[in-house]
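K.L.:
In case you want the letters, here they are:
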Amino acid sequence: MSTFVYMTRCDGCGHCVDICPSDIMHIDENIRRAVNIEPNFCWECYSCVKACPNHAIDVRGYADFAPMGHSVRVRREEEKGTISWKIKFRNGTTKDFVSPITTKPWGEFIPKLAEADKPNQEEINSQRLYTEPEGLNIDGELPAVPKDSFKKGVYY
Amino acid sequence: MMSTNPFSALAENIPSVFIQGFVLFMLLLIFFGTVIQMIHHKNLTYFFRNAKKAKLSAEKKLGAGERAAIIAKTVVHDIATTAELGAGKRRVAHVLGMWGTILFWIASVVMIFCYTSIDVETPTLWPMMWHIGAIMTCIGGYWFWLFLRVDVLAEAHPWYRIIKADLFVLTLLACATTGLAWSYTQSLNLENRWDDKVFLILYIISNLALFGGVYWSKFAHMFYKPGAAIQKNLAEADGSRDNLPPLAEAPKQFGLGIKREQPKHY
Amino acid sequence: MASHKTHYEDCDVLVVGGGMAGTGATFEARHWGRDLKIICVEKANIDRSGAVAQGLYAINCYMGMQWGENQPEDHVRYARNDLMGMVREDLGYDMARHVDSTVHMFDEWGLPMMKNEKTGRYLREGKWQIMIHGESYKPIVAEAAKKSADKIYNRIMITHLLMDEEKENRIGGAVGFNMRTGHFHVFRAKTVIVAAGGASHIFKPRAVGEGMGRTWYAPWSNGSAYALPIAVGAKMTQMENRIVLCRFKDGYGPVGAYFLHLKTYTQNANGENYEKKWYDQTKELVGEYIDHHPTPTCLRNHAFIQETMAGGGPIHMVTTEAFQDPHLETVGWENFLGMTVGQAVVWASQNIDPKYTNPELTTSEPYVMGSHATCSGAWVSGPEDLSPPEYFWGYNRMLTVDGLFGAGDTVGGSAHKFSSGSFTEGRLAAKAAVKYIQDQKAEGIKVTDKQCNNFKEAVYKPLETYTVAQNEITGGTVSPSYISPIQGLQRLQRIMDEYVGGIATNYMTNANMLKRGLELLAWLEEDLEKVGAEDLHQLMRAWELKHRALTSQCVTEHTMFREETRWPGYYYRGDHMKLDDDNWHCLTVSRRDPKTGKFSLEKVPVYHIVDENEKKKAS
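As you go down the protein sequences, you meet chains A, B and C in turn. Heads up, the working numbering is the position in the first sequence plus 71, with the first residue counted as 1. Heads up, the working numbering is the position in the second sequence plus 951, with the first residue counted as 1. Heads up, the working numbering is the position in the third sequence plus 44, with the first residue counted as 1.
Same shape as in the complex, but just chain A (with noise of 0.2 angstroms):
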């Protein structure tokens, strides 16, 4: 499956080419607009895809194995927290699906650590690891095992 850039969509913004996590969206020299210059290592993560402010990318499934005719678009909407896709089969069929993709504002329950309250040398020496034990919602401390139930090499 490789990702395609529609002519009459796509401004040059560069979203695509920030975006790309196997760095294959790029800008052709002759129209200076993006093209996926290696659908060969294209994953088809639709990053690209959602990132483009536009909806000028659009994904047709590798030419391996993929008959032509299909459709698989995507509306992420982050302002509403929602994402919309649009699949259309070959024979016409379609189907949407709309699901959240985050529960809060984005980054505002995210703590800053720096401004967090700061460890003390007990839990320093610890295992407890940040937010813990609390954070663990259990009664009682981090579990562990004793090492004298420790057995080497034997096996069950």
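It is worth saying that the hints were derived from the structure and are not from the lab. We put the beta carbon where it would ideally sit given N, CA and C, even for glycine. Incorrect hints may have been included.
Capping the alpha-carbon separation at 20 angstroms, the derived lysine-lysine pairs in PhoX-like fashion look like this [to be verified]:
1. A/Lys-175 - C/Lys-159
2. B/Lys-1215 - B/Lys-1024
3. B/Lys-1215 - C/Lys-190
4. C/Lys-195 - A/Lys-183
5. A/Lys-175 - C/Lys-191
Just so you have them, the derived chain B footprint on chain A, three or more residues with Cβ under 8 angstroms [as the list claims (entries may be wrong)]:
6. 112 to 126
7. 153 to 160
8. 176 to 187
9. 192 to 201
10. 204 to 213
Given chain A, work out where chains B and C should sit, using these hints.
P.N.:
Frame of chain A, contents of chains B and C only:
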């Protein structure tokens, strides 16, 4: 300088009919460049075939009045304010450059065809428009060239790297820059000093390059892009929407995440 | 872009890789090291990098201790069972006891977790898995890392680790290049946490054209997690334990939700439940392991492979029953859309509607990674309170090189971590790295310009090779003097495929084949001195290839060393077609000498710190 019509001074040495002929020649170059490109690339065939295909997945049929309204709105909003570029520097630069060029060209045509004879005085409006248009083109264009081009911004190419895609914007900037330089040096009355005619010649060459290069450059996109914008809005209205899912029915309450940042993470 | 200017940066904690493990490490490091300089270097863009780029539909590792659903020792038994006994139980227990706090943080940060309407708990897909709407999983955790780090570098590929020149076997930092600007970056660091990608594309994939891109594990996971430590002489473990996956055909879409939530099942082309047919034969191979519940992943693969070879294919997933329920149908599709969109594309293109058609399954080409039903990776120290003496040398998740830590796919022996466990392992490595610094273990590190410049020359060499070699030919891609990254990759993939147990031989190999494979890999290593890169993007591909090639050598050496078939269904040793607990109930550990390039391997005991137990009923 800004209120002087540079073409009337020019018409003292070159008959105005030649200057007017040059403009007509430029128009012919645009026409042929665009038409040959269309025939060669068969882009009209593609456009109408695609529109026909999209109609099949239309959810509703648009009336003539509806279509006219959408087209009008597209022209006034999407095209006139280059809405496709969203909010930000690129849009501002493009709007400056686009309207600057439009003013520059309109003022050129008006001054060349109406105000080049000796006995006619040019109203200040036209030379002002010409010069301001050229300056706007330069501001928008150089800003774009040096900082905003995506291959410079997102791909870290140096600003001085030139590719085929730069043909249009570079020749346009050349016209505006050499035009202003010509107007300025002409107003100094240099009387055949070495640099008296240099910028005029460069201005002429720039125009030839800009309009002669239509077949190879992105010039004709100024016709294609409005067409595409109209087609897109019609598709959105009739429900075909290029197979995209509709907008989600949910309130905007989460702010921006990845999209709050510029596409420059290196 | 042509300038190869060098930038130096000094820091305390350098995290190589910004995936699930890297973001976990970067995030947690700030809590324990308030005044430390923490830097994360990512090859792509941290917002969508790594294996979780397209999202996930389930978190496959959550204990649910708060509701008494599972305890860490249950997970150890599960992972041990699935890996046929061969895991580091200390690492697994350590990960399992912390993972719940990681998941609770994700919930707090805004990751949509599905809830069971009746109980209010996270909706379970299976015993260990909970279901999420995780399309934005990666951007959310990336934001956490950004808030903690002093700086996140994107588009820089780390090619080599730096060693301290003052004290032997101590880390000094890392170097790499920026694939946009072309600049060289030297990071001098007190500690380095390698949280890079495992290895996809070292075996020839089933699709070889455009379809090459549709690997099960991300194509940008190029084995840096292994190559970086191997190159500095760190010990590795279980590198023979490659994983093969049974997934939907062509798209390699996930089957977990199908089996567990939709309760679908497999059958051969004649409508038979074929797995039972292979019970006796499998028992001959592995003994009583076939009687364990649940059946280990590799043994299920084994039945699939045998059935297909015997002519019972194509094997299908029976979905027509489950998909009649509209809720299950939605789950079945969204499962792909939030995790492997490519599978939805395949079905749309082939008119496969699981309501009416039972889709085909296949077994994939092998992959080498450390966080799934497999645990290849670096040999690391465990935590002080859980590790037997042979498994502990001072700092949790530290490799056998001082100051070098690992997390996620990098770490061997800790299986079934998945996303949440990898993030957790990153947190563990970060805390330990900070303690290492606070214990003054990183004082007096010396990294000379000479070391950096030697690496710089090596890093950019492929660009020069290409340019010079172009003078010889008129054009095109065929040259007697250089190979391109794709040419080298396809050669590597063929070597591994034909000799080290790829799909060409139905995962079969033996000592003779492995010997030949090592020979060919050695020649490839030599030829990679002549890899040519046309531009910075190709330079990145060239270094990805070099990391893959080194990883492949290690994998082949390990496969040669373990003289048994421990995981039929992952691979077979034709010359030792039996599981051999008498001689091989142990882990394999290797070390490559950085000076000579020779591998030496040893057996290391498996410690069972958790005993076998009757099944406890979940409350």
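K.L.:
Quick check: which numbered hints come out false for this structure?
P.N.:
2, 9 and 10
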